[in-house]
Every structure is written in C-alpha cells, then in structure tokens.
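The whole structure should be built from the sequences, with the hints applied where relevant.
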Amino acid sequence: MLYGYAGTTLRINLSNENIKKEPLNEKWVEEYIGGRGFVSKILYDELAPKTDPFSEENLFVIAMGPLSGCFLPASGKTHFGTKSPATGGYGDSNMGGHFGVTMKYAGYDVLIINGKAKEPSYICIDDGKIEIRSAEKYWGKGSFAVEKAMKQDLGEEFQILTIGPAGEKLVKYACISHDFGRQAGRIGIGAVLGSKNIKAIAVKGTGSIPIFDAEGLLKKGKETYDAIRKKPGFKGWTPEGTAGITNWCNDVGAIPTRNFQKSSIEYADQINGKAILDRLKITDKGCFACPIPCGKYGFAKTKLGEAFVEGPEYETIAMIGSNCELKSIEEIAYANYVCDELGVDTCSAGVVISWALECYEKGILTKEDIGREISFGDLDSILYLLNEISARRGIGDLLAEGVRIASQRLGQGSEKFAIHCKGLEWTGYESRNAPGMMLGYITADIGAHHGRCWVLGNDVAGSAEAGSVHDLISGGRKTNRLPKAKVDGVIPVVLHSQHTRPAFDILGTCRLQYMEIGLEVDYYEELFYCITGRKIKWEDIINVSEKVWNLNRCFNFREIDGFGRSYDYPPARFYEDPIPDGPNEGHLLKLEEIDLLLNQFYQARGWDRNGMPQKAKLIDLGLGNVAEEFYS
Amino acid sequence: MRITLRLSGSIRLIYKELNEEIVLFVNEPVSIRALLQMAGINPTVVPAVYMDESKKDKDYMVTKEDSRITVLGPLAGG
Amino acid sequence: MVLEYKESACSGCRACQLVCALSNFKEINPAKAALAIEGQFPSPGKYTVHVCNQCGACAEACPAEAIYLDEGRYLIDYEKCISCMSCVDACPNKVMMTHKNLDMPFKCNNCGQCVAICPRDALTFRE
Numbered sequence: 000m001l002y003g004y005a006g007t008t009l010r011i012n013l014s015n016e017n018i019k020k021e022p023l024n025e026k027w028v029e030e031y032i033g034g035r036g037f038v039s040k041i042l043y044d045e046l047a048p049k050t051d052p053f054s055e056e057n058l059f060v061i062a063m064g065p066l067s068g069c070f071l072p073a074s075g076k077t078h079f080g081t082k083s084p085a086t087g088g089y090g091d092s093n094m095g096g097h098f099g100v101t102m103k104y105a106g107y108d109v110l111i112i113n114g115k116a117k118e119p120s121y122i123c124i125d126d127g128k129i130e131i132r133s134a135e136k137y138w139g140k141g142s143f144a145v146e147k148a149m150k151q152d153l154g155e156e157f158q159i160l161t162i163g164p165a166g167e168k169l170v171k172y173a174c175i176s177h178d179f180g181r182q183a184g185r186i187g188i189g190a191v192l193g194s195k196n197i198k199a200i201a202v203k204g205t206g207s208i209p210i211f212d213a214e215g216l217l218k219k220g221k222e223t224y225d226a227i228r229k230k231p232g233f234k235g236w237t238p239e240g241t242a243g244i245t246n247w248c249n250d251v252g253a254i255p256t257r258n259f260q261k262s263s264i265e266y267a268d269q270i271n272g273k274a275i276l277d278r279l280k281i282t283d284k285g286c287f288a289c290p291i292p293c294g295k296y297g298f299a300k301t302k303l304g305e306a307f308v309e310g311p312e313y314e315t316i317a318m319i320g321s322n323c324e325l326k327s328i329e330e331i332a333y334a335n336y337v338c339d340e341l342g343v344d345t346c347s348a349g350v351v352i353s354w355a356l357e358c359y360e361k362g363i364l365t366k367e368d369i370g371r372e373i374s375f376g377d378l379d380s381i382l383y384l385l386n387e388i389s390a391r392r393g394i395g396d397l398l399a400e401g402v403r404i405a406s407q408r409l410g411q412g413s414e415k416f417a418i419h420c421k422g423l424e425w426t427g428y429e430s431r432n433a434p435g436m437m438l439g440y441i442t443a444d445i446g447a448h449h450g451r452c453w454v455l456g457n458d459v460a461g462s463a464e465a466g467s468v469h470d471l472i473s474g475g476r477k478t479n480r481l482p483k484a485k486v487d488g489v490i491p492v493v494l495h496s497q498h499t500r501p502a503f504d505i506l507g508t509c510r511l512q513y514m515e516i517g518l519e520v521d522y523y524e525e526l527f528y529c530i531t532g533r534k535i536k537w538e539d540i541i542n543v544s545e546k547v548w549n550l551n552r553c554f555n556f557r558e559i560d561g562f563g564r565s566y567d568y569p570p571a572r573f574y575e576d577p578i579p580d581g582p583n584e585g586h587l588l589k590l591e592e593i594d595l596l597l598n599q600f601y602q603a604r605g606w607d608r609n610g611m612p613q614k615a616k617l618i619d620l621g622l623g624n625v626a627e628e629f630y631s
Numbered sequence: 000m001r002i003t004l005r006l007s008g009s010i011r012l013i014y015k016e017l018n019e020e021i022v023l024f025v026n027e028p029v030s031i032r033a034l035l036q037m038a039g040i041n042p043t044v045v046p047a048v049y050m051d052e053s054k055k056d057k058d059y060m061v062t063k064e065d066s067r068i069t070v071l072g073p074l075a076g077g
Numbered sequence: 000m001v002l003e004y005k006e007s008a009c010s011g012c013r014a015c016q017l018v019c020a021l022s023n024f025k026e027i028n029p030a031k032a033a034l035a036i037e038g039q040f041p042s043p044g045k046y047t048v049h050v051c052n053q054c055g056a057c058a059e060a061c062p063a064e065a066i067y068l069d070e071g072r073y074l075i076d077y078e079k080c081i082s083c084m085s086c087v088d089a090c091p092n093k094v095m096m097t098h099k100n101l102d103m104p105f106k107c108n109n110c111g112q113c114v115a116i117c118p119r120d121a122l123t124f125r126e
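Protein chains in written order, with numbering that gives the first Met the number 0: chain A, 0 to 631; chain B, 0 to 77; chain C, 0 to 126.
Hints were generated in silico from the structure; no laboratory data involved.
Warning: the hint list may mix true and false statements.
[As the list claims (entries may be wrong)] Straight line, CA to CA, 25 Å or less: simulated BS3-like cross-link-like pairs of lysine-lysine: (1) B/Lys55 / A/Lys280; (2) B/Lys15 / A/Lys483; (3) C/Lys5 / A/Lys280; (4) A/Lys128 / C/Lys99; (5) A/Lys219 / C/Lys25; (6) C/Lys25 / A/Lys534; (7) C/Lys45 / A/Lys234; (8) A/Lys229 / B/Lys57; (9) A/Lys221 / A/Lys536; (10) B/Lys57 / A/Lys234; (11) C/Lys25 / C/Lys79.
[To be verified] Here chain A is said to cover these stretches of chain B; the calculated rule only asks that three of the stretch's residues, wherever they fall, bring their Cβ under 8 Å from a Cβ of chain A: (12) 0-7; (13) 33-44; (14) 65-75.
Even for Gly, the Cβ is constructed at its ideal location relative to N, Cα and C.
And the structure:
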C-alpha cells in the first residue's frame with residue numbers, strides 16, 4: 000500500500016478519447032517523491048524528443064505530492080508541467096487553491112493528457128467517472144465567467160481550472176486560472192491546454208487518501224498548526240501578503256520601472272500592501288489548509304471599469320504596476336483583473352507591454368504598427384494591448400509570441416531591452432546590484448523566474464559572502480545609496496535556495512510556512528512519516544531537488560538546439576547599462592562578473608563550462624540512464 | 000530594559016546563525032533600528048517590524064520594559 | 000455549548016474540515032466533515048461557514064427516534080437509524096451530512112477540533 004498517495008495515474012488521450020487508469024508508478028515514488036519531481040521525470044521519460052509544444056504529442060501533466068491534501072499547513076499547491084511554448088524547454092508552473100487536492104481526493108495523484116480534442120471541450124472528473132464534454136458554451140469566454148458558469152452548471156463542490164481567450168489563441172504566456180484569483184501563470188501552460196482544445200478541467204473528489212498513521216497525523220498536524228501560531232511573523236505576514244514587500248523593494252532599488260530602465264519610484268505608497276488594505280480589500284482568501292493566507296480579495300474601481308479581483312500580488316504590482324508605470328493600486332488591480340479574465344500571466348504580460356511601450360517611445364514601433372498612440376502610465380494603453388494580445392489582433396499577434404521572439408522579429412536593437420532569459424520574461428526584481436538574484440534568474444530551468452531562487456535579501460545584506468554577515472553595508476544608517484553588492488561567495492546561497500524551494504514543490508506543500516514563518520523542517524520529516532510510513536531526512540528531499548535540477552537541465556540540452564551557456568545570460572541592458580537612478584544608481588554586473596558567477600556556479604554543480612551536467616555528476620545523482628544518452 | 004527581538008523565518012534565512020528570539024538589554028530608550036544593529040542585523044534588510052500588534056517604523060523609539068518586537072525579513076512572490 | 004461562526008473571519012482554507020474528518024473518521028477526506036464552507040465568488044467575495052448549532056430539528060424529524068440529546072449535543076444512534084434521511088432535509092443549516100460511501104447520515108458532535116485548529120479564530124463555542 001502506498002500511503003499518502005491516491006495511488007492512481009489518470010491518462011487521457013484526447014485524440015482517441017482513450018481514458019486509462021493505472022497504478023501510480025512506485026519507481027517514481029521511490030526516486031522522485033511527488034509533485035514537481037513527478038513532472039520532471041514524466042516529461043523526460045515520456046515526451047518524444049523535439050516535440051513541438053503545440054503539437055498533439057506534447058504532454059500536459061498535473062502532479063501532486065504525498066503531503067498534498069493532508070492535514071498540515073498549506074498542503075494545497077498544484078503542479079503543472081509541459082514542454083514550454085515560451086522557452087521550448089522544460090516547463091512547469093504551480094498554483095494554490097483547491098484543485099489538485101480535490102483531484103487527489105477523486106483518486107488521482109497524476110493526470111497526464113496528450114492528443115487534441117476534436118472540438119472545444121472540457122474534462123469532467125467526478126470521482127471515478129471521467130468524461131470529455133463539449134465546451135462550446137464556454138469557449139471564447141473569460142476565466143472568471145467560465146468558472147462561475149461551470150460551478151452553476153456542475154455544482155459548487157466542483158473545483159474548476161480554466162484558460163481564458165488568450166489560452167485559446169495560443170498566447171505564449173497564457174495562464175491557467177482557478178478559484179477566482181489563483182493562477183498557474185508561467186511558461187505558457189494555459190496555451191498548451193488551449194492547443195489541445197481544452198477550455199477547462201472540473202474535478203469533484205469525495206474519497207480518502209490512505210494514511211499510514213492517522214492518529215499520529217492528527218496529533219502531529221495539530222502540533223504543526225500550533226507551532227505556526229506561535230512563530231514570529233504569523234501575524235505580520237498575512238495582513239498584506241506578498242504586496243507587503245513593495246516599499247522595501249523600492250527602498251533597496253529593486254523595483255522594476257519603465258521596462259527596467261529605472262529601479263525606483265516616488266509613488267510606492269500608492270501601490271503597496273497598505274493601499275490594498277485601505278482601498279480594495281474585502282477578505283483574506285486562503286489556499287487549501289493555509290494558516291497564513293496571502294491572497295487579498297477585493298474590489299477595484301477605475302475610470303475605465305471596475306471589478307472584483309484577487310490581488311494584486313507583489314509581482315503584478317511590479318510588472319503591471321511600476322514597470323508599466325501605473326501609479327494607483329486601483330488601476331493595477333483592474334489591469335490584474337483583465338489579465339486574469341483574458342488568461343495571461345501578469346509577469347510576462349508586464350514585460351511584453353513595457354517593452355512595446357519603450358519601443359514606441361524610441362520610435363521602433365509606430366502609431367501605425369500599434370494601431371493607436373500608447374504611453375507608459377496610461378491604463379487605457381495597457382488594456383488595449385492586453386486585448387490585442389489575447390485576440391492576436393494587429394500588433395497583438397507579434398506581442399503574443401513573448402518578448403524574445405517579438406524582439407528578434409522587430410530587431411532594431413530592441414533585443415537589448417527585451418527582458419527575459421531563455422525566452423521566459425523576467426519578474427519583479429531588478430538584479431543589476433543583486434548577484435545572487437541575478438544568478439538565480441539566469442540559471443533557472445524554466446527561464447527568468449523568481450520562484451526558483453529568491454536571495455535578494457542576502458544580496459542586500461551583503462551576507463552572501465560566507466562569514467560576512469556582520470559587515471553591515473550601510474552601517475545601519477538610513478542610506479539613499481547602496482554600495483555595490485559582493486559578487487564573491489553567492490554560489491552556496493544560490494544553491495541552497497535552488498534546492499530548498501523545489502523540496503516543497505516535491506512534497507506538495509507551499510514553501511511559505513518555512514520560508515516566511517520559519518517552520519522547522521523536522522515537522523515535514525515527521526509529518527511525512529505519519530502520512531507515508533516511510534522515514535525520510537530533509538537531506539534526502541534536497542537530494543531529489545538536485546536530481547530534478549540536473550534532469551531538467553538535461554531536458555533542455557536534449558530539446559533546445561545549441562542549448563548551453565549562451566542561454567544563461569541576461570539581456571544586454573543588464574550588463575551594459577548601469578542603473579540610472581535610485582539606491583543602486585551606477586551599479587551593474589559586468590559581463591565578466593556574470594561569466595565569473597557562471598563559472599563558479601557550473602563548477603559547484605558539477606557541470607562543464609558549457610553548463611552541461613558531467614557524466615560523473617549524473618551517475619552520482621542516480622541519473623545513469625541519462626548519462627548514457629549524453630555520454631555514450 | 001529587557002527587549003526581545005523575534006525573528007521571522009525569512010530573516011533567519013539570511014542570518015542563519017541567529018536564534019529565533021534574541022534578548023537585548025539597554026539602559027535607555029532606543030530605536031528599533033539600533034536594536035537591529037545590536038543584534039547584527041542590517042536594518043536595510045528588514046522590510047517591516049511589528050510591536051504591540053502594529054507595524055512600527057524602524058526609527059520608533061522603544062521605551063517599555065519587556066517589549067517584544069517581531070522582525071520580518073524580505074520575501075515576496077506571487 | 001453552541002458552535003458559532005464569526006462573520007467575515009474565514010479565509011476558506013478548510014483546515015476545519017480536514018481536522019473534523021481526521022478526528023471523527025480517522026480519514027483524510029474533507030467530504031466527511033460535519034461543517035461546510037460556502038465561498039461566494041466572484042461577488043460579493045466572502046466565505047460563510049455552516050455549522051451545527053445543536054438545534055435539534057434533526058431529532059424532531061427522525062421517525063426512528065435515533066437522534067438523542069447527550070450533554071448538549073445531538074448524537075445519532077446508528078443501531079436505530081433507518082437511513083431515511085429525513086433529518087438531512089430537516090436541518091435548517093444543511094449540516095446533517097451524507098457521503099456516498101456511508102449508508103447513514105453523520106453530524107457534528109461538538110468535539111471542538113475545528114475551533115482549536117482554525118488559524119483565523121473564526122469558530123467559537125458559546126456557552
């Protein structure tokens with residue numbers, strides 16, 4: 000008996016409507032534990048090399064972990080995987096809410112979809128009963144509208160995930176939406192669902208997850224919730240959630256502004272967490288089993304429209320807000336709503352739109368190209384572009400390709416300020432004076448994403464260099480200008496973050512209980528034992544993290560022609576143009592500094608100078624079969 | 000005057016050698032900023048501090064015996 | 000003691016349902032919880048927790064006299080229950096629960112696990 004797992008993989012081939020239930024592969028469990036580990040293993044093993052992301056053969060995977068849905072804080076993250084249409088490489092994205100746990104209660108740890116439905120469809124999972132149904136009445140509609148309609152049609156007990164019009168039109172940064180405000184935003188996961196003619200997946204689950212020691216879990220689970228209540232930060236984190244960081248990011252010169260042309264703003268108080276509380280918020284909105292809900296659900300009213308919306312989260316504040324120069328929380332929240340309803344990732348959309356705005360300012364894109372005048376700071380311009388992108392109309396067709404391809408096609412020097420890595424748009428942290436953060440962004444398997452490594456605090460502290468934690472960079476004084484951050488010594492900090500974060504994705508829980516509140520990892524070891532009956536040490540999970548990093552790196556080498564070191568650089572703006580303003584004025588990471596970071600990083604990882612995992616490393620990690628493929 | 004700093008997980012990810020609770024003794028009213036420095040924490044790293052259930056500025060002067068101050072570290076996302 | 004929901008306090012996390020089912024059925028399965036969370040989204044954007052206030056309407060409706068008062072809470076005598084589900088229809092708060100794998104209904108026994116676990120202190124007992 001596999002305790003802690005629902006025990007079944009559900010496979011759906013949309014082309015021939017073949018639905019198959021098979022026992023969960025015990026070797027996956029043994030070697031990859033769950034969640035993102037499963038995603039990584041399935042994509043590497045089951046996806047035919049060089050598959051086009053929008054072809055029928057691409058896989059769309061949902062995978063849960065052994066802790067998912069169980070009685071412990073924040074056990075509700077859902078993991079998605081596919082070959083990314085944004086990068087052409089390994090892709091995963093995750094979201095909170097209640098979808099994946101319900102899938103597990105329905106009896107499935109893993110859902111693997113391939114093929115393409117003949118007509119717009121949705122998948123209905125009602126415990127053991129699986130149906131592919133027509134989505135004709137939902138096609139073309141927005142995410143909120145569809146979720147609401149489907150709940151009315153199917154029943155409140157169904158959990159729904161949907162794509163918006165952008166996913167139907169294969170916008171390469173289309174997202175998946177769920178629970179009226181949660182998104183799996185990145186890597187174009189929504190576009191892959193759209194390419195398969197799937198508008199939504201609905202799931203109802205009423206079954207139990209087998210537990211090794213239910214009494215023990217009841218006791219340990221309660222202890223864990225109690226421990227969290229007593230932690231410093233239990234009360235401090237929740238009120239503003241991720242938006243609480245806005246002023247700090249501005250204070251340390253890390254807030255992207257005008258397509259990363261600048262890194263500080265004067266209007267932080269108008270777009271921060273407090274502004275959300277004062278001007279938007281109706282309720283805190285939590286993910287499954289979470290004691291510290293970061294979701295803020297509210298109502299935003301602007302001159303161009305009004306809406307109920309969850310958020311904005313910090314990333315949206317940064318990318319749709321300051322990076323496009325929207326200066327009020329209402330306008331950001333409303334643009335957030337439009338992104339959600341259309342089904343586009345606010346991070347990528349913010350980068351693409353700010354790039355287009357800069358191109359327009361520089362005369363690279365004209366009024367004729369765009370179809371009207373546009374400008375930074377103008378909500379109407381931003382909403383116009385979002386709608387054009389989601390419909391792939393006019394300039395929107397180019398912008399829907401993402402900033403890498405759009406800039407390559409447009410040329411005229413616009414590649415230099417196309418802010419992405421590997422084809423995935425950057426997110427909310429200016430990193431020209433943050434070497435750890437920069438290295439995290441440029442070496443992330445899915446492209447420039449903050450979720451893989453977040454060490455901006457270490458960069459600011461100057462603590463990256465081992466033993467230098469008391470070297471207080473500002474001497475504690477209020478300072479208007481930060482010194483250049485230390486480049487030496489960031490490698491262990493980055494590796495620690497890169498390995499710790501996936502550990503939670505593998506287990507199937509949110510990382511914030513540990514990262515924010517400081518819940519000790521011992522709790523996870525003990526909960527893991529109560530749930531699965533298997534003893535595990537935190538180091539074992541970290542080892543799986545490292546294995547996943549290496550497997551995904553190999554996936555990218557296999558799938559992307561010419562992949563390697565050249566894919567690990569930021570856009571030229573970041574190593575050619577010093578930050579012109581704010582606390583980091585004058586700073587940048589020179590190309591030779593980035594090269595030094597990459598050399599040290601590859602060496603520490605056991606990768607060669609091109610960033611390819613070396614044979615011995617792969618064998619050491621239990622990836623001997625992969626080593627065979629690359630080194631035979 | 001006895002003052003306790005309570006460090007969130009996010010600040011301890013940066014200052015790994017610091018304990019969750021740090022007790023400091025001072026003779027006169029002192030700013031939170033100075034307390035952070037005494038504990039070896041760069042105030043610039045700290046986005047928010049809470050005392051008596053409300054958010055305080057880092058220049059807030061602590062005057063009460065047995066004050067307990069929660070120090071949040073930087074962490075974001077979304 | 001009467002279980003009560005504090006208006007606007009819930010964030011919809013369902014920890015109460017998890018602990019309820021785990022405590023009473025020894026199972027991880029929120030569908031076997033004796034309280035219900037209703038989310039009203041997108042508008043007006045709020046959660047309501049439906050709880051049993053031990054009003055006794057179920058006992059009144061029961062034709063088999065299978066529901067009895069015991070120390071302030073109504074319990075079901077499964078020896079007497081005839082699975083007619085009259086109590087389910089009679090419950091004004093819709094918290095006489097059923098599950099497709101169970102022949103008989105189940106309800107809140109005031110065990111208090113939900114009150115203890117709620118991170119939002121959204122549930123309380125009124126004396």
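Q. Going back to the hint list, which numbers does this structure go against?
A. Hint check: nothing fails, all pass.
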